[in-house]
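**Q** The primary structure of each chain is shown beneath.
Protein chains: 2
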Amino acid sequence: MLVVLRLGHRLGRDERISTHCGLVARALGASSIIYSGDHDSGIIESIKKTAESWGGKFKAEYNESWRQVIKSYKKRGFAIAHLSMYGLPLQKKISALRRKKKMLVIIGSEKVPPEVYDLADFNISVTQQPHSEVAALALLLHEYFRGKELKKQFSKAKLKIIPQERGKKVEKD
Amino acid sequence: MLVVLRLGHRLGRDERISTHCGLVARALGASSIIYSGDHDSGIIESIKKTAESWGGKFKAEYNESWRQVIKSYKKRGFAIAHLSMYGLPLQKKISALRRKKKMLVIIGSEKVPPEVYDLADFNISVTQQPHSEVAALALLLHEYFRGKELKKQFSKAKLKIIPQERGKKVEKD
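Just so you know, the sequences run in chain order A and B.
Mapped onto our numbering, the consecutive letters of the first sequence carry residue numbers 1129 to 1301.
Mapped onto our numbering, the consecutive letters of the second sequence carry residue numbers 1129 to 1301.
Keep in mind that the hints were calculated from the coordinates and are not lab data.
Treat the hints with caution; some may be incorrect.
[Claimed, not checked] Here chain B is said to cover these stretches of chain A; the calculated rule only asks that three of the stretch's residues, wherever they fall, bring their Cβ under 8 Å from a Cβ of chain B:
#: 1; stretch: 1134-1140
#: 2; stretch: 1150-1164
#: 3; stretch: 1188-1196
#: 4; stretch: 1222-1231
#: 5; stretch: 1240-1246
#: 6; stretch: 1266-1273
[Said to hold, decoys possible] Here are a few chain A residues that sit away from chain B, every Cβ distance over 12 Å (derived from the structure):
#: 7; residue: Ile1145
#: 8; residue: His1167
#: 9; residue: Asp1168
#: 10; residue: Ser1169
#: 11; residue: Lys1199
#: 12; residue: Ser1200
#: 13; residue: Ala1207
#: 14; residue: Phe1250
#: 15; residue: Lys1276
#: 16; residue: Leu1287
#: 17; residue: Ile1289
#: 18; residue: Glu1293
#: 19; residue: Arg1294
#: 20; residue: Lys1297
Given the structure is predicted, the values throughout are model-derived calculations rather than measurements.
Glycine is no exception: its CB is placed at the ideal position from the N, C-alpha and C atoms.
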């Protein structure tokens, strides 16, 4: 079970990146995403709508206190992994991460409070280069689930794509 | 050699996602990114600045005609791979892609012209779920380069991160 915590969402500025974080979490096998920072019912609604159409049990919610989220997941036995370009390389820590059956993955936005580095059990970097929390999350999920997430089936989907060499084929239920 | 073509960039709306596409392309081993759609010197400058600080030879440029870009890369022997949720699953086509030593990877934004599906040698989906072109690009690069891109060294870097279990350590040259 893997839950994503998105830190420091800012209304307007982060709308699309934060939405991509939620959609990636869902598509690549996480159970839910929790947003903190500004309260943005728009992105939560949009992810819920996607989940309704495309199936599965993914949940999106808001919690104004990221500190409380981290502490409560710790108490419930979740390992806390924080993605940051300053942490230890993913490829060196992935075996240790895979041994954790319950994990809270934290992704930041512009400024991450230093306390997050201390609360985390793992600070993990996906390359030591500046790029994207969307990509870092995708690669962590892909490695954690060993590529099996690419074949994940979503229950009760109203829309389903039938892969094609060219063009588009969507089945509607 | 792998080049990324970002279709249909829109000023304002796509600024951050398109920037993330460029940074991900650079961090995960592509040689360059070409933007089409609206001309946005801001994102090209910002990627150039990143490359200057963090090293390597990555290039970012603009071309108003994506059609011309595709045709000219085809002529130069590049295979054309288009990322789309409607294509054939990445995990089924990755061996074929790895055999192509020169590749142009196309990532779309909101609406991709049908012609792109026809011009592409491969239409590839990374899951058949809606998510993010940033994540799809990251996973394609990661699979294409077999994870070796995570250890890529960037020449003449002015800034370099020394991975830490906690906190941040940046070396300045």
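**Q** Which of the stated hints cannot be reconciled with the structure, identified by number in ascending sequence?
**A** 1, 3, 4, 7, 14, 15, 16, 17, 18, 19, 20
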